[in-house]
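Read top to bottom, the protein sequences are chains A and B. Quick note: the first sequence, position 273, residue 273 per full-length UniProt numbering, numbers continuous. Quick note: the second sequence, position 43, residue 43 per full-length UniProt numbering, numbers continuous.
Honestly, the hints are just simulated from the structure, not real lab data. Note that the coordinates shown come from a computational prediction; the quantities given were computed from them, not determined experimentally. The beta carbon of each residue, even a glycine, is placed where N, CA and C say it ideally should be. There is no bait here: all hints are sound.
Cross-link-like lysine to any residue pairs, in silico, SDA-like; alpha carbons within 25 angstroms at most:
| id | chain 1 | residue 1 | chain 2 | residue 2 |
| --- | --- | --- | --- | --- |
| 1 | A | 44 | B | 87 |
| 2 | A | 44 | B | 14 |
| 3 | A | 44 | B | 7 |
Residues from chain A shown here face chain B by an in silico Cβ test under 8 angstroms; the list is partial:
| id | residue |
| --- | --- |
| 4 | 43 |
| 5 | 53 |
| 6 | 225 |
| 7 | 228 |
| 8 | 234 |
| 9 | 245 |
| 10 | 248 |
Residues of chain A placed beyond 10 angstroms of chain B at every Cβ, according to the derived structure:
| id | residue |
| --- | --- |
| 11 | 7 |
| 12 | 14 |
| 13 | 15 |
| 14 | 31 |
| 15 | 34 |
| 16 | 87 |
| 17 | 94 |
| 18 | 95 |
| 19 | 99 |
| 20 | 141 |
| 21 | 156 |
| 22 | 192 |
| 23 | 264 |
| 24 | 275 |
| 25 | 299 |
| 26 | 300 |
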Amino acid sequence: MAGSLRALRRRIRSTQSTKKIFSAQELIAGARIVRAQARVEASKPYAREITRVLSALAASASLEHPLLNEQTGTGRAAVLVVTSDRGFAGSYNVNVLRRTEELLGTLRQQGKEPVLYVVGRKGETYYSFRDRPVEQTFTGFSEQPAYSDAQDVGRALIDVFTPGDDADRSGAVDEVHIVYTEFKSLLAQVPTARRLAPMDTSELEDPAEDGEGRNTGDSGVPTSYEFEPSPEALLDALLPKYVTTRIYAALLEAAASESASRRRAMKSASDNAEELAKNLSRQANQARQAEITQEISEIVGGADALVSAGADD
Amino acid sequence: MATLQVELVAVERTIWSGEASMVIARTTEGEIGVLPSHAPLLGELAPGGVVTIRTTEGQDVVAAAHGGFLSVTPQGVSILAETAEIASEIDVERAREALRRAEQAGDDPEALAAARRAQSRLRAAGQGD
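Only chain A is shown next, with the shape it has when bound in the complex (with noise of 0.2 angstroms):
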């Protein structure tokens, strides 16, 4: 019986251990997700700006670029899947790479090869665990990923996009896909597949994307733009960066995405063990208490043998 009591306190002892964790956990998430959403809106004036920048040259340039127009040939197509690199985040990574199956099934499908580039080390396992090629990895910043990261992974991107004439062709594809997790709200996150590369041009002309619609001038009529240098130029070194611009933004909401997830699953997770632990003491008073019967009840047996011992004499 004091064996069982003994056990039933180290269990709870040990419950409510992993409870404090799981709620620094469960705060820290918090703390992130509000500066990881601060972070997207800090970079919305840029993104907002190069979008109309580059409206502003497609409505002015003939727009032959590799990166604008549909290529075939190679049969390839760079698929970015974007997953986080701890765990403790709930069904983030699996809903992640549950889109991402989808999407290589739809790719081939349509004939298409697919080439796995994978942000995150769960992403990492994932197909490292499955044996499954992955072309190029990156790790390591996507609780909090800065522009520099964007763009290495945006520069291996566009190499393999936009080979130069001379480079070999064989690494190339034709097309460029982002898997990620969009950050609705704070209750929802949508796992999120978007084609970054040939561009849809028609995203451009979008009024929504344009705001207030400056690139139009107040009478209506698109602005005439002078260019320096050539708008072939500027289009060669806009697009890239745009792109660039693209998979940070995907970067950062997944980001908010993933800390979003973490305190969720961190929340259920410190009220089960609260529930588990109130369950345990509830157990170990009931031992106790039985404990503590069974000593009365020996006592006074104990007693009872003594006095009819006495009486016999």
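Using the hints, position chain B against chain A.
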């Protein structure tokens, strides 16, 4: 007097925004000064460039802007940069250190880009060549 609505935005945040009477920048084609009601223009900033914004109070805001674009519309001027820093926030010692390191690293593209970034920061801080 007419003024320019100027926004200097880096990827990670907005660096400066407000009213100005003139913006001086260097595009790949050459130095350019933008006054109010300038014709609409799109330009690529020269690598290692410095942007000067003259505010309506007559003060100069100098910033190092790297890898950026200049867009002039009837509504205002926006300067887009991958990285940008206001002169007063630049740590001269660190920029020098970065420049020295980048110069020693040889001439792979990364090091050259880093060297240009460091140079533009020094130039913006008024310490450059």
